[in-house]
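> One letter stands for each residue in the lines below.
Number of protein chains: 2
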Amino acid sequence: MFELDIRSRKPIYEQLVEKLKQLIINDVMKEDEKLPSVRELAQQLTINPNTIQKAYRELESQGYIYSLKGKGSFVHPVTKSQNKEELTKVREELKKLFAEAMYLGITTEEIQTLLREVEGGEQDD
Amino acid sequence: MFELDIRSRKPIYEQLVEKLKQLIINDVMKEDEKLPSVRELAQQLTINPNTIQKAYRELESQGYIYSLKGKGSFVHPVTKSQNKEELTKVREELKKLFAEAMYLGITTEEIQTLLREVEGGEQDD
DNA sequence: GTTACTGTACTACAAATATTAATACAGTTA
DNA sequence: TAACTGTATTAATATTTGTAGTACAGTAAC
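If you're matching them up, the sequences are chains A and B in order.
Residue numbers for the first sequence follow UniProt numbering, beginning at 1 and rising by one.
Residue numbers for the second sequence follow UniProt numbering, beginning at 1 and rising by one.
Hints may contain errors.
One copy or two, it doesn't matter: identical chains are merged, so the pair holds either way.
Cross-link-like lysine-lysine pairs, in silico, DSSO-like; alpha carbons within 27 Å at most [said to hold, decoys possible]:
no., residue 1, residue 2
1, Lys71, Lys10
2, Lys89, Lys71
3, Lys96, Lys30
4, Lys54, Lys71
5, Lys34, Lys19
6, Lys21, Lys34
7, Lys34, Lys96
No lab work stands behind these hints: they were computed from the structure.
Make the full structure from the sequences, and use the hints.
See the structure below:
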């Protein structure tokens with residue numbers, strides 16, 4: 001399916017997340033298409049299934065896939081459907097604005113605080 | 001000058017950065033005003049000078065102060081003057097963009113990932 | 001020059017956190 | 001039941017982070 005650099009400083013679960021994101025964003029994997037099972041992919045890549053699981057969990061929390069116990073993990077339709085270009089645009093805008101904010105001295109902590117405000121959730125340190 | 005919570009989970013150098021930022025933003029410290037030397041403040045707070053140094057370095061990299069070897073550290077004039085309105089504007093833009101992103105189904109987790117990407121600058125192995 | 005201040009760089013070490021793995025649990029389908 | 005699926009818990013490592021100890025280097029006053 002793809003290759004990993006096992007001795008990179010970048011953790012393999014993170015490499016996995018990136019590669020899979022690419023496949024989803026670039027339509028190589030279609031809506032609701034089943035991803036390899038954690039064990040299958042693990043065996044194929046000669047790593048621990050739990051590492052795959054971590055990558056999948058991350059992808060799920062970011063809205064790229066959904067997982068069903070006993071069934072499998074699948075490409076999340078919403079992510080792909082309507083506003084793909086719009087989504088890409090917003091992601092780029094976010095990155096630009098982050099850079100600008102940080103250039104002005106706004107800390108990532110403050111940015112996260114703003115995010116929480118919008119989200120409505122409440123948290124503390 | 002101020003108090004620190006030595007047994008907080010938040011590192012003391014970070015607490016220092018926040019407190020000092022407050023003093024600068026709220027005009028308690030004026031442009032080009034000298035901050036306490038790293039050793040002086042360290043002794044006063046009963047912590048290691050290097051911890052102060054780390055806070056100062058952070059403040060400098062964020063544009064709040066500037067340091068001159070052998071002379072001291074001082075409040076950076078630029079930070080205070082022009083950027084105040086700009087800062088408010090960027091904060092508003094961030095909130096708007098967050099709302100839009102979440103409306104499109106981008107999760108807060110993904111936003112934080114994007115933030116980390118920008119924050120880290122490009123780093124690989 | 002010497003002295004007494006300044007910031008800075010380098011190293012080290014303990015604590016916290018992150019990464020991966022081993023194992024066991026639980027749902028689905030035939 | 002058997003053979004798949006994802007998930008939770010725990011533990012062993014590896015890596016990062018926070019702080020400190022020490023030495024180096026510039027500035028200013030004498």
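> Using 27 Å as the alpha carbon limit, work out where Lys34 and Lys19 are close: within a copy, between copies, both or neither.
This pair counts as within: shortest intra-copy Cα distance 16 Å, inter-copy 50 Å.
> When no copy is named, should Lys34 and Lys96 be tagged within, between, both, or neither for a Cα gap of at most 27 Å?
neither (34 Å within a copy, 34 Å between copies)
> Have a look at Lys71 and Lys10 and pick one of within, between, both or neither, based on CA distance no larger than 27 Å.
Answer is neither: 30 Å inside a copy and 41 Å across each miss the 27 Å cutoff.
> For Lys21 and Lys34, with the copy left unspecified, which applies at a CA distance of at most 27 Å: within, between, both, or neither?
Classified as within; 14 Å inside a copy, 49 Å across copies.
> Between the shortest in-copy and the shortest cross-copy C-alpha distance, which are at most 27 Å for Lys54 and Lys71: within, between, both, or neither?
within (17 Å within a copy, 50 Å between copies)
> For Lys89 vs Lys71, is the C-alpha pair at or below 27 Å within one copy, between two copies, both, or neither?
neither (34 Å within a copy, 47 Å between copies)
> When no copy is named, should Lys96 and Lys30 be tagged within, between, both, or neither for a Cα gap of at most 27 Å?
neither (29 Å within a copy, 31 Å between copies)
Going through the hint list in order, the structure does not satisfy hints 1, 2, 3 and 7.
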